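So the protein lines, in turn, are chains H and U.
Sequence positions in the first sequence follow my numbering and run 31 to 161.
Sequence positions in the second sequence follow my numbering and run 218 to 547.
Be aware that a few hints might be false.
[Claimed, not checked] Derived list of chain H stretches under chain U, where covered just means 3 residues or more per stretch with a C-beta under 8 Å from a C-beta of chain U:
1) 75-82
2) 102-112
[Said to hold, decoys possible] So, partial list: chain H residues that the calculated Cβ filter (under 7 Å) puts toward chain U:
3) Pro43
4) Pro67
5) Ser70
It should be emphasised that the hints constitute simulated quantities derived from the structure, not laboratory data.
This one's a predicted model, so the numbers in the text were calculated from it and none came from an experiment.
Heads up, the beta-carbon is just placed ideally off N, CA and C, and yes, glycines get one too.
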Amino acid sequence: MEYRIERHSGVAPYQQIVQQTKQALRLGQLLPGDKLPSASAVVAAAAVNPNTVLKAYRELEREGLVDTRQGRGTFVRASLAQPGTQAGSPLRDGLRVWMATARADGLEREDVAALLAAELDVFFPRPVDAR
Amino acid sequence: MTPSSGPASAHHGDDASATAPALEAVGLGLHGRDGWALRDGSFTVPRGRVVGLVGPNGAGKSSLVAVAAGLRPADAGVLRVLGHVPGSPAVLPRIGTLFQDRPLERRFTVAETLRLGRDLNPNWNDAAARAIVDNCDVPLKARVGRLSTGQRTCVALALALGKQPDLLLLDEPMADLDPQRRRALTGALMTRAAEHGTTIVMSTHTLSELHLVCDYVLLTARGRILIADDTEFVQAAHSLITYTCPAPAAPSLPPQAGTVIETRRSGRVHTALVCFPLSTEGAASTSSLSLEEILLAYLRNPQASPLIAGSTRDDAPSAGTPDSHERPTQ
Chain H
31 MEYRIERHSG VAPYQQIVQQ TKQALRLGQL LPGDKLPSAS AVVAAAAVNP NTVLKAYREL
91 EREGLVDTRQ GRGTFVRASL AQPGTQAGSP LRDGLRVWMA TARADGLERE DVAALLAAEL
151 DVFFPRPVDA R
Chain U
218 MTPSSGPASA HHGDDASATA PALEAVGLGL HGRDGWALRD GSFTVPRGRV VGLVGPNGAG
278 KSSLVAVAAG LRPADAGVLR VLGHVPGSPA VLPRIGTLFQ DRPLERRFTV AETLRLGRDL
338 NPNWNDAAAR AIVDNCDVPL KARVGRLSTG QRTCVALALA LGKQPDLLLL DEPMADLDPQ
398 RRRALTGALM TRAAEHGTTI VMSTHTLSEL HLVCDYVLLT ARGRILIADD TEFVQAAHSL
458 ITYTCPAPAA PSLPPQAGTV IETRRSGRVH TALVCFPLST EGAASTSSLS LEEILLAYLR
518 NPQASPLIAG STRDDAPSAG TPDSHERPTQ
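Pulled out of the complex, with its shape left as it was, chain H reads as follows:
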């Protein structure tokens, strides 16, 4: 797991780490028992304040996704991977077919993103208090 911190993004750096970890958990790139990189490994590569990493890991721990074991590190406790999100699953393959069609029809990245966002809101309405 390697974090990429977008340095001029409006998203707080610790939130970027939380989001990227969850993304990896959803895609099955991180599985229960896996060790997250140590704070010093992350800050050496990403050149961010160590508290950024600790705060992100605390947040993930609060959500029950990871466990911090004293002196040993932070480990994945729960996966967010759904069967359908794995590479090679029928659901994901269906999406790939759709993507290929959209590209063949001449849609640009922004068109696809807008289309996805619109349908996402129809099928998966946001909870009222979403941040």
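Go by the hints and put chain U onto chain H.
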């Protein structure tokens, strides 16, 4: 191995120094080129923070670093470093420094410079120092006098980090580095902070990256300390409040919005950058700000009311510093 982590540190001095703040200033005054660069400055930097020291040129940043390093005395008041008098034998082995002119012996090679560091510092970590020089692509056999300014900065930082200090005092460490070395050295500093809890105080003009690297900010301008607090708190304390005024000539702000740092007006839209907003009544919208926007607002408005952690002396500003509440909005 960290002297700050318990009884093992006893040989460094009294018990008080193990818990003393990294820096503690009371009524600190520093002469600048024309008059006082800092006057009656009181602030505390807790241990273990990564501090961004921010202010315009001539605001005393370099002087503050020099006084903390024991190179020159304070011109008024007191500054304590790790609980000690700056430059005293109890504190000198525990600080690593980087000055703007990066003073190094030009005739020495890089390897000789590091060997000197090892000979002079009982706590020397050769691997740490060499890692910096390696990562920054500085040849060990080159003479210091032939290095680029960026490479010299890398050698000076390697010396400062090889010493394994409890406190790093760095005057514009990133100023003359290319992006690659900047990233490598920032990573090295952050690793030192993560693994050893080393306090880092660095002056900088790069406000856009401050929130990524620093967790504490010390902002000085026009002879005053304007901010000395956690970056997270500074960010949470300020809001940008937007008002829509029916007539462009109408007074821009309802009274008692909070401590106003800056107001702006563009036609009917008036915005106020407010510290501790008390009331947002009548506001069209309220939004949060980036740390950079907040720091810039203070730099543009050096007469603003200061935000200093643990300070209760807000109501007693020194002579000649008008309270921001009285500032007319233009």
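Tested hints:
1. 75-82: Coverage by chain U holds here, the residue count being 8 at a Cβ distance below 8 Å.
2. 102-112: The restraint on the region 102-112 of chain H is violated, since only 0 of its residues have a Cβ under 8 Å from chain U and three are required.
3. Pro43: holds (6 Å)
4. Pro67: Nearest chain U Cβ about 11 Å off; hint violated.
5. Ser70: With a minimum Cβ separation of about 4 Å from chain U (threshold 7 Å), the hint on H/Ser70 holds.
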